[in-house]
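Knowing the structure of chain A, use the given hints to seat chain B on it.
In order, the protein sequence lines correspond to chains A and B. Mapping of the first sequence onto my numbering: residues 264 to 658, in sequence order. Mapping of the second sequence onto my numbering: residues 1360 to 1453, in sequence order.
These are computed hints drawn from the structure, not numbers from a lab. Please note that a few of the clues may not be correct.
[As the list claims (entries may be wrong)] Partial chain B-side listing against chain A, Cβ under 10 Å, derived:
#1 Leu1362
#2 Pro1366
#3 Cys1372
#4 Gly1376
#5 Arg1389
#6 His1391
#7 Lys1392
#8 Leu1395
#9 Ala1396
#10 Gln1432
#11 Glu1435
#12 Asp1441
#13 Arg1442
#14 Gly1445
#15 Tyr1452
[Said to hold, decoys possible] Where chain B lies over chain A, by a calculated footprint (3+ residues, C-beta under 8 Å):
#16 497-506
#17 613-619
Heads up, the beta-carbon is just placed ideally off N, CA and C, and yes, glycines get one too.
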Amino acid sequence: MSDTWQGWQRDDGRMGIRNHLLVVYTVQCSQMVAQQIAAGEPNAQVIGFHGCTDNDYAVRLLLALARHPNVGGVLAVGLGCEYVRPDLIAQRVGESGRAAAWFRIQDIGGTADSIAHGKMWLADLSRQMAGQPRGEMTVGDLCIGAECGGSDWTSGVAGNPAVGAMFDRLIDAGGAAVVEETLEMVGLADVLRQRAATPEAADALTQAYEKIEPYCRATGQWSVSPGNFAGGLTTIEEKSLGAFCKSGSKPFQGVLKVGQSPPAGAAGLWLLDSVPDLDGPLHGLSNPNDTEGIIDLIAAGCHIVCFVTGRGSLIGGPIAPVFKITGNSDTFRRLAGDIDHDASALLSGQKQMTAVAGELIAQVQRIAAGEPTCAERLGHHEYLIPYKHQNVTRC
Amino acid sequence: MALDDFPAGEQVCVRGGDGLTLRTREKVPRGHKVALADLPESAPIRRYGHVIGLATQPIATGSWVHLHNCRSQWDERSTTFDRDSGAATDTPYV
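Only chain A is shown next, with the shape it has when bound in the complex (with noise of 0.2 Å):
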């Protein structure tokens, strides 16, 4: 197999490797022209927020979607009433060198009227996107992030320490790779501060971390779950140590905030702290699901999420792959057809560790080629875009 594959030249310098069509709603009470704007379309996806009332949170991760290096186009699809701007949105996008359209239903007439004229922007901005320059990629060109969701007892021991052991050979080669879960760090305070590469990331890994007790104890929430129970995790502190593994052992560079990517050119090992600043309102549980976690990573510019699952799970992803991991070896079988690798050689002791983290990068490689995760093919495309409050800082 080939290490090189084409990929897509962004105006940035990132380049993507896929590239979708993207049907922004603004508000709830347009998602289902949206969605029936991008149906039948095989290269347009949905995403969208359901608020009226707008939230800076909610707008960035928008327009880091919008503008991912897996994005040539974006139609932004307004009702006429909500405070979230579907021409900005498309002003952004087209400044980025992307084809982008808008348009408030209320300007056009009915649900009929609507979804045609939606298509004819489709249409239009397909052509725009053939003549979008392409460009030859390797895996260093590649930022990766991970997530894990249904953890049971083969998570921590199998699939999050291949996902680790594949992220050292991706930074190895020049890539990013990026974590979240910080609600699934509880009790590592000082592992992580260890993991730091400088002191000012020291610093920035402590104060992601300090925010986990208050914001937890403040939702009466952790981050552990029935499921978890059943397959043999006991306490969130257990859930953690497994959950960790899929960082791998290199040290951390910094910590993003939600909507923010790793610096052009930053290869290396990140932390993405999607957790609510504490200084701002709450807007309830706002940490709820896989599916959050996934967009936040995509959100950050990966251009693939790992998901290692231990008692099955079915998610994907709109924009990036999401490439399913699971070591338990009932699961894989069970959902034939839903998870990409089957990393359970490792518990059965088959095959070494080494082995294992080869296989997943000529897996991404694939994927990254083109090849379509079990998620693709499927359709899943869920996403999840929530009022919450972080403070950013624009550089």
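For chain B alone, kept in the frame of chain A given last:
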């Protein structure tokens, strides 16, 4: 961690335990934890060298260690989950 479903009274050897063997005192499901030593109530329970919780009752060597005898030091709901299914029992469905 049990690499198989163990019935009560099973003689098991501990991987990496220098030849340590023990007898299970009760049924232990695959992937669940077995106590390697006697623990008094409130004793820290360690896995991978880290404390993963505290004993909520005395635990004898060979016992199944889970929600019924180990609680989190962080999660206030830790003692309320059903031992066998993991289901939440403290939310009223009325």
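Query - Numbers of unmet hints, in rising order - result: 2, 3, 4, 8, 9, 15, 17
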